[in-house]
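Colleague: In case you want the letters, here they are:
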Amino acid sequence: MKRLFNRKLGKRHEESAEMSLNITAMADIFTVLLVFLLKGFATGSLAISTSATLPEAKAETPQFEALKVEVTETAVTVESQPAVPLASFQFKAGEREGNGSSRTLNAFLKKERARQLTIAKANKDVKVDAKVLIIADQRAPYETIKSVLASAAVNGYTDFKLAVVQRE
Amino acid sequence: MAAVNLGSDNSQEVDLNIAPILDCFVVLITFLLVSASFLSLGVLDAGISAAGKESTQTQPPPVTITVEVLRSQEVVVKLSGQSNQTLRVPASVTKGSDGKDVVTVNREALTAKLGEIHKRWPTVNAATLTASGNVDYKSIVQTMDITRGVIPAVLLGGF
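If you read the protein sequences in the order shown, they are chains H and P. Residue numbers are given in my numbering: position 136 of the first sequence equals residue 136, and the series is strictly consecutive. With the second sequence counted from 1, adding 168 to any position gets you my numbering.
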């Protein structure tokens, strides 16, 4: 009896040493999650890298490429390159020109425009685009936004698009 | 003579090793989760109103609509042309989650006012939005959003 008991016990012990982890269910979950994230990654053409808080509005989902100009508390960046430093969303004294545009931002955008024109001249399939996407923090004063828009307009970027968070 | 059993004992059972697939999935999912933006972003079309000119119209509109946002979140709607009027839309005051007063542009009242204007002048399809320099961008966009609900083309003014 004891031998039988031990044999049975031993056998159970032997069985418990081999445990297989069933990861099929985990693979199912990962597949669904991956498909969902890939879909979101593919359709999201507007990737915001700034920490700025965007205002809310009812707007269309963007499906284009444009020159990205970001306005944060400390700087105005053009295509993720810092262009003009700001102090609490304000340009420094003497930065603004007579037409309201920013001197430093004008120089930056002029260079960017010249680059686009060079590319368009070399490649006939590439057209010069007047679109500019303004990604500004909602706390920025209208004065600063006006200066940025004026600078863009002076350098040929006249099709303004304001980035917002979709309002439901 | 030994029997060669080529039956089911020698059938090839291939176990699919999904551990490397899961490794790839884990890396891809981590990358996508880090780079994903769960905010729905949109884009508002904005144009600049230069010297009070409106958007493309073959005939001048009967009235020019100017929507001015004040720092107090009050909105002043000015009509000029065949009708000269100044309409004021007071701000909306609500209680925030912290119990403090939150002052915003009054969406319903402004929509109603602009609706009345548009009903009276249905051919007018553009308005100019202005504000003083110290008004925050959030108020500008909110007002633009409200105005676009009634009048399709909203141009930024004050340049």
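Worth flagging that the hints you see were computed from the coordinates, not collected in a lab. Where hints are given, some of them may not hold.
As the list claims (entries may be wrong) - Interface residues of chain P toward chain H, partial, derived using beta-carbon atoms under 8 Å: (1) LEU196; (2) PRO229; (3) VAL231; (4) VAL244; (5) LYS246; (6) ALA299; (7) ASP304.
Said to hold, decoys possible - Quick look at which bits of chain H chain P covers, simulated, 3 or more residues with Cβ under 8 Å: (8) 116-122; (9) 145-154.
In this text, a Cβ means the ideal position worked out from N, Cα and C, and glycines have one as well.
Colleague: For every hint, state whether the structure bears it out.
Modeller: A quick look at each hint next to the structure:
1. Contact between LEU196/P and chain H, as hinted, is supported at the beta carbon level, the nearest pair being about 6 Å apart and thus within 8 Å.
2. Hint status for PRO229/P relative to chain H: violated, with the closest Cβ pair at about 22 Å, above 8 Å.
3. A cut of 8 Å between beta carbons decides the hint on VAL231/P: the least distance to chain H is about 24 Å, and the hint is violated.
4. A hinted interface residue such as VAL244/P counts as satisfied when its beta carbon comes closer than 8 Å to some beta carbon of chain H; here the least separation is about 15 Å, so the hint is violated.
5. Proximity of LYS246/P to chain H is violated relative to the hint, the smallest CB-CB distance being about 18 Å (cut-off 8 Å).
6. Proximity of ALA299/P to chain H holds as hinted, the smallest CB-CB distance being about 5 Å (cut-off 8 Å).
7. The criterion of a C-beta within 8 Å of any C-beta in chain H is met by ASP304/P, whose closest approach is roughly 6 Å, and the hint holds.
8. Here the region 116-122 of chain H counts 0 residues with a CB under 8 Å from a CB of chain P, which misses the bar of 3, and the coverage is violated.
9. Residue count for the region 145-154 of chain H with a Cβ under 8 Å from a Cβ of chain P: 5. That meets the three needed, and the coverage hint holds.
Of the numbered hints given earlier, the model fails hints 2, 3, 4, 5, 8; all others are met.
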